[in-house]
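Novice: With the hints as constraints, model all of the structure from the sequences given.
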Amino acid sequence: MKKVKKQDISKLLSQWQKEFTVFVPSRETGVVEMVVWDGQDTGFLDWYRNTVIPPKANILPNMEKMFGFSKEDGRYNLELPDSEEQKHLIFGIRPCDARALSITDMVFQDAYEDTYYLNRRKNTLLVGMGCVNPYDSCFCTSLGLGPMEAADVDLMLTDTGDEFLIEEVTDQGKELIAKTEGLEEATRDDEARASEVRDAAYQRVTRKIDTKEIAKRLPPSFENEKFWEKIAAKCISCGICTFLCPTCYCFDINDEVVGGDGARFRNWDSCSFPLYTQMPMENPREEKWRRVRQKVCHKYLFYPRLFDTIACTGCGRCIRLCPVNWDITQTLASLPAEATAGTESRNGD
Amino acid sequence: MSETEQKLRIEARALLEQGRVDYIIGYETGSLKFTTTPLITTNKDDVDRLVINPFIVNNLSVFLRETSGKAGIVAKGCDSRSIVSLIQDQQLARENIVIIGVPCSGVVDLKKVERLTGKDRDELDDIIWEGDKAVVTIGGVKKEFQAREVLLDDCLSCEVPVPQEYDILLDEVGPLVCDKELSRSHIKGLEDMPPEQRWQFWKNEFSRCIRCYACRQVCPACFCERCFVEESEPQWVSPLPKWQDNLIFQVGRMIHVAGRCTDCGECERACPVNIPLRSLSKKMEEIVEELFHYRAGTDKEAPPLMAAYKVDEAEDFIR
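Heads up: the sequence lines are chains A and B, in that order. Just so it is clear: in the first sequence, position 278 is 281 by the numbering used here, and no numbers are missing. Just so it is clear: in the second sequence, position 24 is 1313 by the numbering used here, and no numbers are missing.
Read the hints as simulated data drawn from the structure, not as lab findings. There's no promise every hint is true.
[To be verified] Incomplete in silico selection of chain A near chain B, CB under 7 Å:
#, residue
1, E31
2, V34
3, I243
4, L278
5, Q333
[What the hints assert, rightly or not] For each label pair, taking beta carbons as the anchor points, the in silico distance ranges come out as:
#, chain 1, residue 1, chain 2, residue 2, range
6, A, K68, B, P1484, 25 to 35 Å
7, A, Q281, B, G1308, 33 to 43 Å
8, B, D1311, A, K9, 53 to 63 Å
9, A, L81, B, G1358, 54 to 64 Å
10, A, A336, B, F1512, 30 to 40 Å
11, A, Q10, B, I1544, 27 to 37 Å
12, A, F72, B, L1471, 47 to 57 Å
13, B, D1414, A, L81, 54 to 64 Å
14, A, D311, B, P1484, 52 to 62 Å
15, A, K9, B, V1430, 24 to 34 Å
16, A, L278, B, G1308, 53 to 63 Å
17, A, A218, B, V1540, 45 to 55 Å
[As the list claims (entries may be wrong)] The calculated DSBU-like cross-link candidates involving lysine-lysine, where the alpha carbons are at most 35 Å apart (straight line), are:
#, chain 1, residue 1, chain 2, residue 2
18, B, K1408, A, K211
19, B, K1401, B, K1322
20, A, K90, A, K74
21, B, K1492, A, K291
22, B, K1432, B, K1469
23, A, K21, B, K1492
24, B, K1572, A, K291
25, A, K68, A, K125
26, A, K233, B, K1333
27, B, K1408, A, K5
28, B, K1401, A, K211
Keep in mind it's a predicted model, so treat the numbers as computed, not measured. Note that the Cβ used here is the ideal one computed from N, Cα and C, for glycine as well.
Specialist: Next comes the structure, spelled out in structure tokens:
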């Protein structure tokens, strides 16, 4: 295993910048998000805990041009975007957000292969950074990972104080390290210290959910209108928890047309909005409780049925960014213990 | 439990037990440190969870249009203005609401505390009031801040610490910290900018808007059945989060709530990407007052600003 001094991170990123567009956590834009590194600033090492805008935005942007079109002699000519060959490197992605990408991969390469998403994903190297200071809203340890989980990144950095230990996880990660200069070999002591840091970080995640109990209680609660009404009462139906969720991937498609020419875009959409399911004659999720139920069930019931995994990584953004402190862990903990409705839920929605 | 909280719980229980209301809308302790969360309940046993503290930030009047029947609502002075404004607009019937007034000396702006301490909310051990100072404890070390440093900007220009419209008043109001200059210092900064610079400022701010519509959803004055931004025939605003459309959405929304906005500051507080929306809404409130001598939500008998016309009205806006 290799290691690098924190003061040398800038040199490391400079080397990588020759091959990749390097993204780092930044608050320059007014909100914490992954933006292109300016070639100098590594101040984020002092303040960064996690981004507000999840790194999914780097793979599935909130606004993306799919293709352009122009009208000529009664026919449309399509202009497909140049396939992006530039390689990206996201430095400092947290384990929860990296796991979230592994989860959204499943839907984007399912029956339909989404080339926009998959191309970007393929061209993006993830350099993870474990959390030594998780938020009080974090609950990743209940979802099969932890604040130092390395399974979903190419390289994993563990903060041991003045240095980072570098774990080479994938072949691409190994290749990058092989051609990176200025790294030192980690000693056995370093590895022992990293292991202590990992254990301590794991202990610092105190918010818990019980996924086994949830799997048992959620299906019979599906039709329990009273429960969902109560749970949904204080929700204001904004898009914060879904837009800023690293595993929420819904998008809308819109054409921008002037004359006969224009372009097709896609942008994030949210099941919290009534308009999401609005149809000409009816809206199956007109009531707020149906939308809240959809959000919870999509993550904890439908996605597990479809892909055998919960579509939540416990990043806690939906809790700490919610204007009314609607807390999904409280909802999940308050699911009725016994089947009250007695009717089995529909499969998927 | 404070004396005010005790009174509140007794009153709320009585309202439900006597059948005077179907719902109680108040605050309970949140799931995160230094937060409260709305408590909306029909169950009298839930009233023992009601709290009153310097973290009751939400303007609960936004929930009144959702509850059927009669509701008893915990309201600070600013919230009561929103309720009155909704009555003026005939969105609510006065007889269907029991206003439980909470005298308020201001609520804490956690973002300010975070900025002052350089720590995140969850890294703070405690925030308590000692007289007119906020004492913040971090890792066992105490730091003192003036109230004006940590209260929400809209609290610093508060003129209604005691609700003007109420059915039950819980307590006497404590000392009010007013600093109107500080309250509008951000607006002053914008006013002093040359127009090009101001345009650039708002362009930057709205470039990061993600169109989550939290600003609209927390706003009691935003009660349109269908928001203009969601119209598709014609489409006034693109649903794509381009800065121009984000700006048009917000300017449109602001103008729509002119004469209804009470400067409760919820839009700015809810914004996850830190757009200083109150600089627009407060400025607009000032313009409404200057041109029409009208303050939203201060007189439930008054016709809504945009629904009335006076022959001798100022026409300075026609230039």
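Novice: Against the range 52 to 62 Å, how does the distance between the Cβ atoms of D311(A) and P1484(B) compare: consistent or not?
Specialist: 57 Å Cβ-Cβ, so the 52 to 62 Å window holds.
Novice: A range of 25 to 35 Å was offered for this pair. Does it hold for the Cβ distance of K68(A) and P1484(B)?
Specialist: The hinted range 25 to 35 Å holds for K68(A) and P1484(B), with Cβ atoms some 31 Å apart.
Novice: Could you tell me whether the CB distance from A218(A) to V1540(B) stays inside 45 to 55 Å?
Specialist: holds (47 Å)
Novice: Can the suggested window of 47 to 57 Å be confirmed for the beta-carbon pair F72(A) and L1471(B)?
Specialist: Given a distance of about 53 Å, which is inside 47 to 57 Å, the answer is holds.
Novice: Can Q333(A) be said to touch chain B, with a Cβ gap under 7 Å?
Specialist: Holds: closest Cβ of chain B sits about 6 Å from Q333(A), inside 7 Å.
Novice: A closest beta-carbon separation below 7 Å is what the hint needs, so does E31(A) meet it against chain B?
Specialist: violated (11 Å)
Novice: Below or equal to 35 Å on CA atoms is what counts here, so check K21(A) against K1492(B).
Specialist: holds (32 Å)
Novice: Does the Cβ pair D1414(B), L81(A) satisfy 54 to 64 Å?
Specialist: holds (60 Å)
Novice: Hint says 24 to 34 Å; check whether the CB-CB distance for K9(A) and V1430(B) agrees.
Specialist: holds (25 Å)
Novice: Taking 35 Å as the top limit, are the C-alpha atoms of K233(A) and K1333(B) close enough?
Specialist: holds (14 Å)
Novice: Using the nearest Cβ pair, does L278(A) come within less than 7 Å of chain B?
Specialist: holds (5 Å)
Novice: Given the hint of 30 to 40 Å, check if A336(A) and F1512(B) actually sit that far apart at their C-beta atoms.
Specialist: The hinted range 30 to 40 Å holds for A336(A) and F1512(B), with Cβ atoms some 33 Å apart.
When each numbered hint is compared with the structure, violations occur for hints 1, 11, 16.
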